Amino acid sequence: MSSLKSRERVIRALNHKETDRIPIDIGGIYNLTTLHKDAYKKLQKYLGYNNKITISSMLSQTAFPDEYVRQRFKADCYPLYMPLDKMNINLQWDKDGSSWYKDEWGVKWMCPANGLYYDPVGHPLEGCTLEDIDKFNWPDPNDNSKWLGMGKRAKDLYENTDYALVVNGPFNGGVYVPCQWLMGYEDFFIKMMIEPEIIEAMLEKIVEYHIGQWNLILDEVGKYAQVVVLSDDLGTQNAPLMRPSLYRQLIKPAQAKVVNFIKSKADVKIVYHCDGAISEFISDFIDIGVDAWNPVQVSADGMDDTAKLKKEYGDKLTFWGAGCESQTVLSTKTPEDIREEVKRRINDLGSDGGLILASIHNIQKDVPIENIVAFYDALYEFGTAFYQK
Amino acid sequence: MKITDQISESLQQGKLEDVKELINKALEDGILPKVILNEGLLEGMSTIGQKFKNNEVFVPDVLIAARAMNGGIEILKPKLVDGDVKPIARAILCTVKGDMHDIGKNLVKMMLEGKGIEVIDLGVNVSEDSIVEAVKKYKPQIVGLSALLTTTMHQQKVVINSLEEAGLRDKVKVMVGGAPVTQTFASKIGADAYTSDAATCSEVAEKFALEV
Numbered sequence: 433m434s435s436l437k438s439r440e441r442v443i444r445a446l447n448h449k450e451t452d453r454i455p456i457d458i459g460g461i462y463n464l465t466t467l468h469k470d471a472y473k474k475l476q477k478y479l480g481y482n483n484k485i486t487i488s489s490m491l492s493q494t495a496f497p498d499e500y501v502r503q504r505f506k507a508d509c510y511p512l513y514m515p516l517d518k519m520n521i522n523l524q525w526d527k528d529g530s531s532w533y534k535d536e537w538g539v540k541w542m543c544p545a546n547g548l549y550y551d552p553v554g555h556p557l558e559g560c561t562l563e564d565i566d567k568f569n570w571p572d573p574n575d576n577s578k579w580l581g582m583g584k585r586a587k588d589l590y591e592n593t594d595y596a597l598v599v600n601g602p603f604n605g606g607v608y609v610p611c612q613w614l615m616g617y618e619d620f621f622i623k624m625m626i627e628p629e630i631i632e633a634m635l636e637k638i639v640e641y642h643i644g645q646w647n648l649i650l651d652e653v654g655k656y657a658q659v660v661v662l663s664d665d666l667g668t669q670n671a672p673l674m675r676p677s678l679y680r681q682l683i684k685p686a687q688a689k690v691v692n693f694i695k696s697k698a699d700v701k702i703v704y705h706c707d708g709a710i711s712e713f714i715s716d717f718i719d720i721g722v723d724a725w726n727p728v729q730v731s732a733d734g735m736d737d738t739a740k741l742k743k744e745y746g747d748k749l750t751f752w753g754a755g756c757e758s759q760t761v762l763s764t765k766t767p768e769d770i771r772e773e774v775k776r777r778i779n780d781l782g783s784d785g786g787l788i789l790a791s792i793h794n795i796q797k798d799v800p801i802e803n804i805v806a807f808y809d810a811l812y813e814f815g816t817a818f819y820q821k
Numbered sequence: 007m008k009i010t011d012q013i014s015e016s017l018q019q020g021k022l023e024d025v026k027e028l029i030n031k032a033l034e035d036g037i038l039p040k041v042i043l044n045e046g047l048l049e050g051m052s053t054i055g056q057k058f059k060n061n062e063v064f065v066p067d068v069l070i071a072a073r074a075m076n077g078g079i080e081i082l083k084p085k086l087v088d089g090d091v092k093p094i095a096r097a098i099l100c101t102v103k104g105d106m107h108d109i110g111k112n113l114v115k116m117m118l119e120g121k122g123i124e125v126i127d128l129g130v131n132v133s134e135d136s137i138v139e140a141v142k143k144y145k146p147q148i149v150g151l152s153a154l155l156t157t158t159m160h161q162q163k164v165v166i167n168s169l170e171e172a173g174l175r176d177k178v179k180v181m182v183g184g185a186p187v188t189q190t191f192a193s194k195i196g197a198d199a200y201t202s203d204a205a206t207c208s209e210v211a212e213k214f215a216l217e218v
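Chains as they are written, first to last, in our numbering: chain A, 433 to 821; chain B, 7 to 218.
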């Protein structure tokens, strides 16, 4: 096949058509397929420069890959997201060196001293009643202040680059996960079981916010963007986080509403991020209209057999990620092992399109630099060789 | 069905009010608080742990069961006499420094308590020095260390080294867990046990407790 432009390559892959080579994403999903800032620093140094790093996501402290990195490793995707300065973060420091801030919802996020990310530690709606949800000062779904300027940037990127544009929206794409931020994990899970009406009421508010915000975002970028990111965790390392029936009863309908709205508003594909052991939910993703699934965490229980996943779901779902097992292989094995791993995953998942290669979650600072480079180079090398066989 | 079995059953379904009611009834019937605790509450928690391990129930089910257990224990507490509830061991638990994740640790806590082990929960982002201090202060038999991240799991090794330096390593069994942790890693850092889920953790801890 003759050489394709990045955007065309990604669109074809998402439509399950073969391409000249398998598309690569580095940082298109701005908080999930990139590198932690410390790993990125190492990469810059290896490549022989030392520029100021743009943090793409406050929570995951990830780097926005620059043009040189995208070109060097042949990345095909480009993220559209709300820059940090629009979040108005008022960072505070505790005596022990931890830093924290409160977001516009009143959720407190904290990063321990020398820590890597921010996690939710203070929950404004912990122990809430239906009345509390009603009275809560919900941010206005129709406030467009965060997304102003995104349309102009999207138009510019659309007209002047070949990249596939990936839109990252409110709550990092989370539909139910923000409920956990607002009320705390344990309270959320307990309420799911004993006061589902409270969860439903909160989900209604979150969905309303999503729809309002996506309406504004897609007014701005809908003409130019190819992909929208949604994200909700449903798995632990070895099991579903909740009964599938409970997910189907409470969460799935809320996710479906958001998916339906986005698809009715713009001609985009939806990539849904969900890591962990989630084989029981994959058909649900297809069901609600998700087009691609990230990151295919092969180290979680029941997820290692990528050939089987392709056989079962490959005609309906694009795999976005899956490049190399990250918890043991990428961080601890040799470059040669990594090349073997990348080759294996491509062989399992690459036929008939439906694969966009990326790291499984962000590359962390404990990954040796030679492994990072071997990994990205292998994506291109084997992703090119695969269709030329 | 025996009333203690009914208590166990209701606990497994997370029915707090039913558990309370049944406990009051059992007490009226003259059943010893100790029997209610062991054969009703702890038995129920142990069963839910098994089901959790087998993926028959999930995190939310365990949380509501633990909530029912704690509600039941509140009623029993004033009625239990010394000796009835002597814990089989004491454990300190925490998520290691640099890591704020606590769901796994909290599940382990619930499961250990379900085995009759007293748990001192040091919280999240706990330094090796604080752990050493806590071991000196509480003299636990078991130290449980949780880490969710590939970048923080190495802190488990730091803690083990610190316990060694403080001359406390052979006084405790160190158990490690968390998503990226494996048996190979646990052996490499010299932990006494790795378990992949909270229920198995409580079983191994119980074994350690009985050995001591």
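Errors might be hidden in some of the hints.
Partial list, derived from the structure: chain A residues whose beta carbon lies under 7 Å from chain B [claimed, not checked]:
hint : residue
1    : Gly547
2    : Met624
3    : Pro628
4    : Glu629
5    : Asn647
6    : Ala671
7    : Leu673
8    : Pro676
9    : Gln759
10   : Val761
These are calculated hints, taken from the structure and not from any lab test.
Note that the coordinates shown come from a computational prediction; the quantities given were computed from them, not determined experimentally.
Backbone N, C-alpha and C define an ideal beta-carbon position, used for all residues, glycine too.
Here is how each hint holds up against the structure:
no., hint, result
1, Gly547, "5 Å, holds"
2, Met624, "5 Å, holds"
3, Pro628, "11 Å, violated"
4, Glu629, "15 Å, violated"
5, Asn647, "33 Å, violated"
6, Ala671, "5 Å, holds"
7, Leu673, "6 Å, holds"
8, Pro676, "9 Å, violated"
9, Gln759, "4 Å, holds"
10, Val761, "11 Å, violated"
Of the numbered hints given earlier, the model fails hints 3, 4, 5, 8 and 10; all others are met.
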